[in-house]
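Peer 1: We have chain A already, so just place chain B on it with the hints.
2 protein chains.
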Amino acid sequence: METRVSCQDKEVVISSSHPTVLIGERINPTGKAKLTAALQAGDLQIVREMAVTQMADGADILDVNVGALGVDEVSFLPKAVSAVMEEVKVPLCIDSDNPKALEAGLKVYKGKAIINSVNGQEYRLQSVLPLAKDFGAALVCLAMDDEGIPATADRRLAVVAKIVERATAMGIPQEDLIVDCLALAVSADSKAGVVTLEAIRRVRDEFGVNQTLGASNISFGLPERDVINWAFLAMAISTGVTCPVVHVSKVRAAVLATDVLLGKDDYSMRYIRAYRQRQASTK
Amino acid sequence: METRVSCQDKEVVISSSHPTVLIGERINPTGKAKLTAALQAGDLQIVREMAVTQMADGADILDVNVGALGVDEVSFLPKAVSAVMEEVKVPLCIDSDNPKALEAGLKVYKGKAIINSVNGQEYRLQSVLPLAKDFGAALVCLAMDDEGIPATADRRLAVVAKIVERATAMGIPQEDLIVDCLALAVSADSKAGVVTLEAIRRVRDEFGVNQTLGASNISFGLPERDVINWAFLAMAISTGVTCPVVHVSKVRAAVLATDVLLGKDDYSMRYIRAYRQRQASTK
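Chains A and B supply the protein sequences, listed in that same order. Under the numbering used here, the first residue of the first sequence is numbered 1, with each subsequent residue one higher. Under the numbering used here, the first residue of the second sequence is numbered 284, with each subsequent residue one higher.
Pulled out of the complex, with its shape left as it was, chain A reads as follows (with noise of 0.2 angstroms):
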């Protein structure tokens, strides 16, 4: 199943036949106290540094969320994918908390956006879904409700179907779905990464959807955090996931590693690419 998101000028395609596509997850200022200190100033400057920053790391979608106290997202994330439209030339994924930002943002946007996010909460479901019909825009769908994010893949499973009805119901296509199966920290559970990667199995067997994962929860309170991350993006995209969120600069060569391994980059072709950037922009 092909995903299609373009903007004015590229068109990106997310498939399990394609090589995994990154998106780049740094705009966004959780956590980040000089980036939500601009925000708050509406300041977008470092909004656009970053914007570059990640294209040159290789990213191919960029997340915008500009979600944090005080600052009005309604008005403010339209400026904030105005501003990222100017500096760069890749597809966005429009990140919101609030239907009417992500309505905002996805007016000014120029292309076939991805909608981050929607889940199994009946608000969610009324209040986004609608947005990616008339829009027609792609649509992360995250497996959780109500209750929070299921402790088992079952339950994970029951939600993306939900969502996946719901949607079908309303007339979006089912390739324009990408599921994002959650991952929490394996410190707190054990069995954290064990119960999102048969999520991701079964949802890539049952469904056959595009999956996306904010790979980088999953190391949280650990040591070389780094090394689990690449470790579980190997194995999250050996099992579905084609178009995680990630820190590009961080994991773009364990990804493209992963590519190389999973038969999707002829003659290592893009892996040596990378290398030989990364070499020439170290010397």
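Derived pair list, reagent style EDC-like, types lysine to aspartate or glutamate, alpha-carbon separation capped at 16 angstroms:
#1 A:K250 x B:E507
#2 A:K191 x A:D154
#3 A:K100 x A:D72
#4 B:K474 x A:D266
#5 A:K191 x B:D542
#6 B:K445 x B:E430
#7 B:K393 x B:D417
#8 B:K474 x A:D259
#9 A:K89 x A:D57
#10 B:K547 x A:D189
#11 A:K191 x B:D549
#12 A:K264 x B:D472
#13 B:K390 x B:D417
#14 A:K32 x A:D43
#15 B:K533 x A:E224
By construction, these hints were calculated from the structure, which means they are not laboratory data.
Peer 2: Below, chain B without anything else, positioned relative to chain A:
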């Protein structure tokens, strides 16, 4: 299924529900000029040092191979096995192309060893299976035969089925068989990783036996080989490999991370302990 191997003082259990067992690959002269020269001169000092170093790095089992031009393995492999037994308390994997050398090594070994290896060639089946039976040893079974390493997972499975059948007919318990699906260089063939992973998955699902893998070959000819090896090990272990043959110091962190993610390391204790040891040793 559990494979139990031992030395005089210690037993190691290999199974998919236990942490991944690391077989240290270093005592093998292939591609090592200094070790080759030492073995040709009858000098086992480097072998002794490699044994100690690999144990310090976290090896669970050590492979011992002294096959080099001009080395009489039948007389020298038992000397190497004895030397390693004097230095370290760890089960050994006795490794030779020469069945007479394997027999000589097994005769001096104290405990239950692993024999490395048999494959689908009639000559190897007839000469090596009786050794596993007579010495009660575990046995590495390579998925290759007279025609070399099959290009497809189907044909590798057929070779494995043949070896399992012959071993079973001779009364060797299936839990003593350790299959190696074999990894070729992905730089030479883009499908090399996919074929091996598919074979590993099917051996797990159809035979349920333990599996080893010489995981380093996969990255031959590519830059930053460790990144490829880490990703491949993560995928191979999540697919069914339980005791890879590896350069322990280079891959242990990635393997321990994989075990954390697969729920094989309660409270991430092994991962955190290994991290602290590395920190202490670099101070």
